[in-house]
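Trainee: Here's the letter readout for the chains.
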Amino acid sequence: MKAGHRKERIDRGIKVRADEIFAISSYREILYLMGPRLLAIMGLLLFPLFRDVTGAYWQTVGFIACIIALLALSWNFLFSVGLVSLGQAFFFGVGAYFTGYFNHFLGLGPLFSIPLATVCGAVLCTIVIFPVLRLRGIYFALITFALPLFLMRIIEATGYLGGTEGISGLQRLPGLTFSVYVSVVVVLAVTFIYLRFFDTDYGLVLRAIHDNDMSVLAGGLSVQWYKAQAVFIAALPATFAGALMTHHYRIVGMPAFAMEYSILPLTAAVVGGTGTFAGGVLGAFILVPFSEMLRAFGTLRIVMYSALLLLFVVGLPEGIYRFAQRKYFQFERIVPLEEEKQ
Amino acid sequence: MLLESMLVFGLVNSAILMLMSFGFSLTFGLSGVANFAHGGIYLLAGYLAFFLLRTLGLPYLLAVIITVIVTALLGAAIYRLVVIRVRGIALNEVIATFAIGISILELFRWLGFITYEFSLPCIVDGRLTLFQTTLDYQRILIIVVAFLMAVFLWALTHKTRIGLALLGMAQNEYTALSVGIDSDWAATYSFALGGAFAAIAALMILPLGIININIGYEVLLIALAVTVLGGLESTKGLILGCIILGYAQVITSTLIAPHWKEAVYLAAILIVLAVKPSGLLGKFKELEERV
Amino acid sequence: MNKKELLKVTGLCKNFGGVKAVDNVSFTLYEGESIGVIGPNGSGKSTLINLITGFLKPDSGTVLYKGKNITGIAPYKAVNIGIARSFQMVRPFYNMEAYKNLIVPLYSPRVKKQLKGGSYGDRDEVAIQLLEDVGFERESQIPYKMTGSLPHGYLKRLELARVLSLEPDLVVLDELFSGMSMSEVASTVPILERILKEGRNMIMIEHRIRELFRIVNKIICLNFGKKIAEGTPVEVMQMKEVKEAYLGSEADSIA
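Which chain is which? The protein sequence lines are A, B and C, in order.
Going left to right, the first sequence walks through residues 809 to 1150 as our numbering numbers them.
Going left to right, the second sequence walks through residues 40 to 330 as our numbering numbers them.
Going left to right, the third sequence walks through residues 42 to 296 as our numbering numbers them.
These are computed hints drawn from the structure, not numbers from a lab.
Misleading hints may appear alongside valid ones.
To be verified - Computed cross-link-like contacts, DSS-like style, restricted to lysine-lysine with a CA-CA straight-line distance of at most 27 Å:
(1) C:K118 <-> B:K315
(2) C:K98 <-> B:K315
(3) C:K118 <-> C:K153
(4) C:K186 <-> C:K107
(5) C:K186 <-> A:K1135
(6) C:K61 <-> B:K315
(7) B:K275 <-> C:K98
(8) B:K275 <-> C:K61
(9) C:K238 <-> C:K44
(10) A:K815 <-> C:K186
(11) C:K109 <-> C:K238
Said to hold, decoys possible - Taking CB as the label site, the calculated pair distances span:
(12) B:R124 <-> C:A227: 42 to 50 Å
(13) A:S834 <-> C:K118: 49 to 57 Å
(14) A:Q979 <-> B:N253: 29 to 37 Å
Even for Gly, the Cβ is constructed at its ideal location relative to N, Cα and C.
With the sequences and hints as input, model every part of the structure.
Mentor: Structure follows, in structure tokens:
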């Protein structure tokens, strides 16, 4: 930028005062507003139909991207309540093991084992995490980081739930296209529901906890109890992701608690923009294909995710989504400073 | 005698836990930043010492000094280059240091440091038999060093100028700023000290076995478990937490089975958090008490 | 006269690392009364309030509210039995519109039952009404502005609105007037008088003696955590200990 100049940002005419209010006066403007959203939704819904074009490999990549997107959505929900999770693998793994247990030991079909595992897993996660919710600060991060690693060790050491072998030979899902469709629809539904949810008064209370928990207490609401509800709601898509993935690959084992399921959603959420649900999904759909292309690098990929994570936390904390949104809705121009005009 | 060996090895185990967690606890206590890169620094110190000793063939003392200085500089660099930019936003501090730690650990994994050839030499070989328990010198040394570090920590925070400055910082950053303590430099020192402590711990403990990537995660986990157990901001609590966990592990692994050792951490953390969330001696106030 | 005890505090103590912030304080608040708490800075006024409203747990002593022991009660439970407090340092939700701040207390179990409606239903209407009551201009944009962009006087009144939204029986105000301009104080005093007329009780910490004496009918004076005086405003002002401890020369000018 030239000296004596500043960058001026002006909202486009369509965007009025507040973030959610738009003044629409023509179809063109409606298209301008809806275009990106429709494009994304249609793209996701049509993607599984193009199996012949993309090939089964990229369909699988899309499926994994959806799984990570679900974990990122869950992460963003927790973040909106002021909780930072370093171990999405915990939720994922609990859901995965529950469905494995239900299917293998109780003989329930995927139609029952997946929803049941989703709910039971979320309940279990909430109960385990409940005591920590009384505290603020980094405790939640500490405990979510520690839990998946400990659980992995315990399963390895004691040999429970299949031990190092895992539980294999689970009932299969109808096919790849089916799995992809289910995951795409759930991602879209969860994104939509979460967005709507935070507009309700109940969602407002949860957001208020992130803002100032003392005032929530002084407002007559139990912060711990509301945080617990938030953890439960946030755990649902994550445990579902675990359950779906388990049935898709017909095996559940210790890798369900692997670091990858913690660091990938975290990076996706931070790259996309913390606190924005669409951002997390966007981040997942950028990161997962990217990481597939870099498969040859092996574990170096985790280093790359971390580097990316660091880069965004320090360099662009608002994330890609907010950045793009700003560029889309604002003009920017360089104008000379007032003093120089005189 | 079973009881006697349990007593002795419980003490050794407690000292090991103490060494592993001092660096993390020190940085957190003095700067308020949870350094999730602690495990990474610890492992880096191990491999660096290995490189200096085995590959370059430097004398032991020189290698130790270089390792400690390098990790201290690394700690300081982590603060000056990264953490300083996200300071004050606790959540971003956690994410940033976490990312650094993971990148160090996974970088080593990628570079192929996963074979069984990596190990550090003991400072003094040989063993000692007390009554019926045989103990090698390295383990005795660990107890001594852990004790010395605890004394050093106490002296640093209570006797020296910089220690007092750091302590003042931890208690109230704004007040400390207003009486002329540069909070950024104080935090840099605390990160450097944390790094140096991690290196000393690595040099003392790693000779007991081989160096392996997962140790990095384990050290961080142990540091977290112990600090949560004892209370995040209390050194006495930390020592108490180490002793409890150290003995609990030895008792479960001798009386039940070695693989239950891991479950002890988890159970301890969950029980303490359920009963007294601020830790055994934690001064960290509960949410309700914060006004 | 047969007065009913609303709040009875006996022998309340709280130490902070060896310093006695509140030292053996006892007092009784009868229904229909209002108490003002005065004392020099650091004399334990805010701590006393935190002890009563459950934000701190006392080391010893009891708090009885309507005959029930509520010592060390969880703060949100205290609110739901009718004790609502304001903070000395304002604690609004900065990332929301001003009126949305009141949705949170309106969502509490105490008020929730009385109100229905979701996103654009009753709660928003009630919130805006409450803001108007404390002096937010209804027709202006101010209630819809982001809380972070409001001036401090508005934030103080937002605190008051939050307290009022909880329909409390006992209103506890911690230095409400500090940081308000003279005109803001002047317009807030009638609101407080109206609250008292509605049959609510009040405990007020205040440094603005003149306004305080207009509102309350009983004064407690603290110094170094100890209660050094209790009585009607006129009585307390004439006590030698009070003058020495706190009021100094200002007392003469008011008397």
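Trainee: A separate judgement is required for each hint: does it hold in the structure or not?
Mentor: Here is how each hint holds up against the structure:
no.	hint	in the structure
1	C:K118 <-> B:K315	21 Å, holds
2	C:K98 <-> B:K315	15 Å, holds
3	C:K118 <-> C:K153	14 Å, holds
4	C:K186 <-> C:K107	39 Å, violated
5	C:K186 <-> A:K1135	24 Å, holds
6	C:K61 <-> B:K315	25 Å, holds
7	B:K275 <-> C:K98	24 Å, holds
8	B:K275 <-> C:K61	24 Å, holds
9	C:K238 <-> C:K44	17 Å, holds
10	A:K815 <-> C:K186	25 Å, holds
11	C:K109 <-> C:K238	25 Å, holds
12	B:R124 <-> C:A227: 42 to 50 Å	47 Å, holds
13	A:S834 <-> C:K118: 49 to 57 Å	55 Å, holds
14	A:Q979 <-> B:N253: 29 to 37 Å	33 Å, holds
The structure fails hint 4 only (numbered hints given earlier).
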